[in-house]
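The listed protein sequences correspond, in order, to chains P and W.
The C-terminal residue of the first sequence carries number 181 in the working numbering, and the numbering is unbroken.
The C-terminal residue of the second sequence carries number 362 in the working numbering, and the numbering is unbroken.
A hint or two may mislead.
[Said to hold, decoys possible] If you want the footprint, here are the derived chain P segments under chain W, 3+ residues with CB under 8 Å: (1) 7-19; (2) 33-46; (3) 63-72.
[What the hints assert, rightly or not] Label-pair restraints from in silico Cβ distances: (4) 95(P) / 221(W): 39 to 49 Å; (5) 170(P) / 353(W): 43 to 53 Å; (6) 58(P) / 338(W): 25 to 35 Å; (7) 183(W) / 90(P): 16 to 26 Å; (8) 40(P) / 315(W): 25 to 35 Å; (9) 151(P) / 330(W): 39 to 49 Å; (10) 206(W) / 55(P): 31 to 41 Å; (11) 15(P) / 200(W): 44 to 54 Å; (12) 25(P) / 354(W): 49 to 59 Å; (13) 336(W) / 143(P): 12 to 22 Å.
[To be verified] Calculated Cβ distances over 12 Å to all of chain P for the following chain W residues: (14) 217; (15) 271; (16) 354.
It is worth saying that the hints were derived from the structure and are not from the lab.
Predicted model only: the values in this text are computed from it and were never measured.
Don't be surprised by glycine CBs; every beta carbon is placed ideally from N, CA and C.
2 protein chains.
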Amino acid sequence: MSPPPIQIAHPGWLTLDGREFATDGDKIRLAIDLARKNVLRETGGPFGAAIFPVDGRRPVAVGTNGVPRLHNSVAHAEPVAIMAAEAFLDTESLHGHELFVSAEPCAMCLGAIGWAGLERVVYAALREDVERIGFDEGPVFAGSYEYLVERGVAFVRGLHRDEGAAVLDLYVEHGGPIYNG
Amino acid sequence: MSPPPIQIAHPGWLTLDGREFATDGDKIRLAIDLARKNVLRETGGPFGAAIFPVDGRRPVAVGTNGVPRLHNSVAHAEPVAIMAAEAFLDTESLHGHELFVSAEPCAMCLGAIGWAGLERVVYAALREDVERIGFDEGPVFAGSYEYLVERGVAFVRGLHRDEGAAVLDLYVEHGGPIYNG
Numbered sequence: 001m002s003p004p005p006i007q008i009a010h011p012g013w014l015t016l017d018g019r020e021f022a023t024d025g026d027k028i029r030l031a032i033d034l035a036r037k038n039v040l041r042e043t044g045g046p047f048g049a050a051i052f053p054v055d056g057r058r059p060v061a062v063g064t065n066g067v068p069r070l071h072n073s074v075a076h077a078e079p080v081a082i083m084a085a086e087a088f089l090d091t092e093s094l095h096g097h098e099l100f101v102s103a104e105p106c107a108m109c110l111g112a113i114g115w116a117g118l119e120r121v122v123y124a125a126l127r128e129d130v131e132r133i134g135f136d137e138g139p140v141f142a143g144s145y146e147y148l149v150e151r152g153v154a155f156v157r158g159l160h161r162d163e164g165a166a167v168l169d170l171y172v173e174h175g176g177p178i179y180n181g
Numbered sequence: 182m183s184p185p186p187i188q189i190a191h192p193g194w195l196t197l198d199g200r201e202f203a204t205d206g207d208k209i210r211l212a213i214d215l216a217r218k219n220v221l222r223e224t225g226g227p228f229g230a231a232i233f234p235v236d237g238r239r240p241v242a243v244g245t246n247g248v249p250r251l252h253n254s255v256a257h258a259e260p261v262a263i264m265a266a267e268a269f270l271d272t273e274s275l276h277g278h279e280l281f282v283s284a285e286p287c288a289m290c291l292g293a294i295g296w297a298g299l300e301r302v303v304y305a306a307l308r309e310d311v312e313r314i315g316f317d318e319g320p321v322f323a324g325s326y327e328y329l330v331e332r333g334v335a336f337v338r339g340l341h342r343d344e345g346a347a348v349l350d351l352y353v354e355h356g357g358p359i360y361n362g
């Protein structure tokens, strides 16, 4: 008999309620709001992500960090959102889509962004904000970004950085675990 | 209502039958055998992985590439094995465990190895073997390995490389899709 399937469940409070998000600012604030709710409800690390069709107003899928809740070290917000979007669209390619994430992606998530074929990534808090509270970002170099940019991924860094970083501080205030490998 | 959970199902033929694997050679051949079966049964890309306790003889979990079957670009053999092991052990840390994989990990999977806290990684086919059949390995640099080695991950490269590479050729012969992002 095969081992049981792996299950990655979203937190119970997470809903896609049909709201529209017009601008990059609105979309990054959705990702930051997911991160904030994840901290306040204590359902995972201080990270949230949302995937939109390019120029679309409704998210295809969202994700929150579920590492401590699910005991799953792969369940960062970005791969959760990517897998949810691919399941919803029934395709392993997210060409024509863009990712909004509350903080700069780690090494694993940058790789996942490349394989998903996402066209654009917008993030709020920067690597140094994430590392300041004790999280490791892994082996990410200037060359990592160059590699992805050459393959057609565009990056927008630090949009509403202060709001993304504030959620990281909120996590520390709540005594959230720092769970590096 | 929350979106449905993400499901990552193993192929139906995959079983953990209680067999014992004594040496690194035996363990890497299990990973290669999983990759070969995945090609022959047409259940995914030509990659297999197995996770053992350090010095243990029975795998905690295994994984095969499920990208085209599951329409999930994250479902490389390594994260599938990591998530399966963590689900089985009910922990997000695989300290005290080692990963055997049929080919050199890509950028995403190297990141995942770091976050899982795996102590040792043994792989068969090398990056150039994987790229020769058209797969991209992503932004992996010498510094990526140095970063992980400094944090306590040991790597053994190219053990039974020829057997791992032969599975890649078998995949090409079977007309398997090359599905880079």
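Hints and how they fare:
1. 7-19: holds (count 10)
2. 33-46: violated (count 0)
3. 63-72: Per the Cβ count (5), the hint holds.
4. 95(P) / 221(W): 39 to 49 Å: Given range 39 to 49 Å: violated, Cβ gap about 30 Å.
5. 170(P) / 353(W): 43 to 53 Å: holds, 50 Å
6. 58(P) / 338(W): 25 to 35 Å: With a Cβ separation near 46 Å, residue 58(P) and residue 338(W) fall outside 25 to 35 Å, so the hint is violated.
7. 183(W) / 90(P): 16 to 26 Å: For residue 183(W) and residue 90(P) the Cβ distance comes to about 19 Å; the hint holds.
8. 40(P) / 315(W): 25 to 35 Å: Hint violated: Cβ distance 46 Å, outside 25 to 35 Å.
9. 151(P) / 330(W): 39 to 49 Å: Since the Cβ atoms of residue 151(P) and residue 330(W) sit about 27 Å apart, the hinted range of 39 to 49 Å is violated.
10. 206(W) / 55(P): 31 to 41 Å: violated, 53 Å
11. 15(P) / 200(W): 44 to 54 Å: holds, 45 Å
12. 25(P) / 354(W): 49 to 59 Å: Between residue 25(P) and residue 354(W), where Cβ atoms are some 51 Å apart, the hint holds.
13. 336(W) / 143(P): 12 to 22 Å: holds, 20 Å
14. 217: About 17 Å separates residue 217(W) from the closest Cβ of chain P, which puts it past 12 Å; holds.
15. 271: violated, 6 Å
16. 354: holds, 22 Å
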